[in-house]
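The chain contents come next:
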Amino acid sequence: MPELARVCIDANVFIDVFVRPAGRESRLPGSLWVLEAAERGEHQLVVPAHVIAETLCSGPMRPDAARLRADRKANVTRFLAWLRDSRPLVVEVDSLLAQHAGELGQELEIKGPDALVLAAALRARCTVLYSWDDDDLTRHDGHPLLDGLRVVNPTVPPDKLPMQLSLDDADDNAGEDEGEALERLRARYAVEDADIEAAEDAALESDR
Amino acid sequence: MARDELGLKIDGRLGSLDAEALLVGLRALLRLLGAPPAEAESGERPLWALTTLREGSAVLAVRPGGVVSAEAVDRMAVVIRGLEYLAESPGEPSGWDPTDLESLLAFQSVVGMAGVEGVSFLLDRDRSVPVTAGLLDNARASLSVATTSLGSVAGHLYRYIGRAGGRSEVGLREDATGRAVTITFSDTLQQKMLAALERDVVVWGEVRRNAQGRKTSVRAEDVEVLTYGVPEPIRQLVGVLGAGAAGPELAPPGRPGA
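Going down the list, the sequences are from chains A and B. Residue 1 is where the first sequence starts when you use the working numbering, and the numbers rise one by one after that. Residue 1001 is where the second sequence starts when you use the working numbering, and the numbers rise one by one after that.
Here are some, though not all, of the chain A residues that point toward chain B, as calculated from beta-carbon distances under 7 Å:
{"no.": "1", "residue": "Val17"}
{"no.": "2", "residue": "Phe18"}
{"no.": "3", "residue": "Arg20"}
{"no.": "4", "residue": "Asn75"}
{"no.": "5", "residue": "Trp82"}
{"no.": "6", "residue": "Leu96"}
Output of the computed footprint for chain B on chain A, the stretches with three or more beta carbons under 8 Å from beta carbons of chain B:
{"no.": "7", "stretch": "28 to 39"}
{"no.": "8", "stretch": "83 to 93"}
Derived from the structure by calculation, the hints contain no laboratory data. All figures in this text were calculated on a predicted structure; none of them were measured in a lab. For glycine and all other residues, C-beta sits at the position ideal for the given N, C-alpha and C.
Could you put together the complete structure from these sequences and hints?
Right under this line is the structure:
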């Protein structure tokens, strides 16, 4: 069996999916696609170790109520169990990786955590690094130091986004209300509400 | 030489060759192989069997003998691969540790003995590795450039190698690279490590790297066996660490433009 292509993720991909922060729903389909493609065995997911810490240190950290603390603990356990059982390739952050990251950080003028992600992707010989960080990472896509590593946003390939609304769809259904649109999409693609919402957001963005 | 033999040829004319060269050379060869070899599981005593001893130049060879264990055969292969590697470039070869490099450097004293015109390892009928200044320089450089740091290595513990220098050794195939890494451990970890054989593990301890930065050995401080279940579908975990999952009084994730 041919070896799967390795794809590395920045912390914001995990955070989009597992934390699902307010205001970033439009990124969810792309981030989710990266993880689900790994789940389907379409590529090998590579996770720099410090991304795990960044993910766990996002979202509500210390809820006040005891019940909420227990919920939080249980959810962290579920996340860690998924991380163990889905067996991504975790790249440990060690002194050599840190040194390499330091060199990349100096050359590309980027922050330490971003440089560590780049160094980890290069060490794992990944073909792609998915990140939403356009300021520090994706703008370096194609840089000679990255040795062919693509650094791009995790947008879902058009042929793998059944819930994507085309402009034609939007025109054909002009005038329908939100409930009707949801029902139509649900029937057509049988996808989750979250996907539909995100697809609608994308369509709205296009209309603007 | 047969494939499972490792030979040593000490060039020189009989009559002028220092007899000590043969003695020191054989001792250094056995030290490099790790004498005595690892015990077989049956507990019977294995040995390195002398299979060749020729005059002319002094030629000798050893192979796993007595109760031939898989560990001894593996060790022979590790030593031969390491010699070939060091003949080409510096760097701690896979499965070697600093003690092995020092054992190789011991051959330097044989080269300098009276009447010795050259020393070579005979790997098989066609292949040999001469003990040159280049080979010894590579071994020396490997000792000096190897770095040690505290860390871990994850992979599959695939075999018990044996005992050397008061510590036991097992072989680990690293997940990330597919390369072999030697794990050494003290008696206090013996039971835990042996129970982890043929399992996926993470080993912590002093990680040694060669000149290329590749992990070559770990002086283990602890080991954890990894067990895997069926992962929960990712869709069921969307937002699991978010505000919505933490409690109803925290605001649910918003929608842009909503």
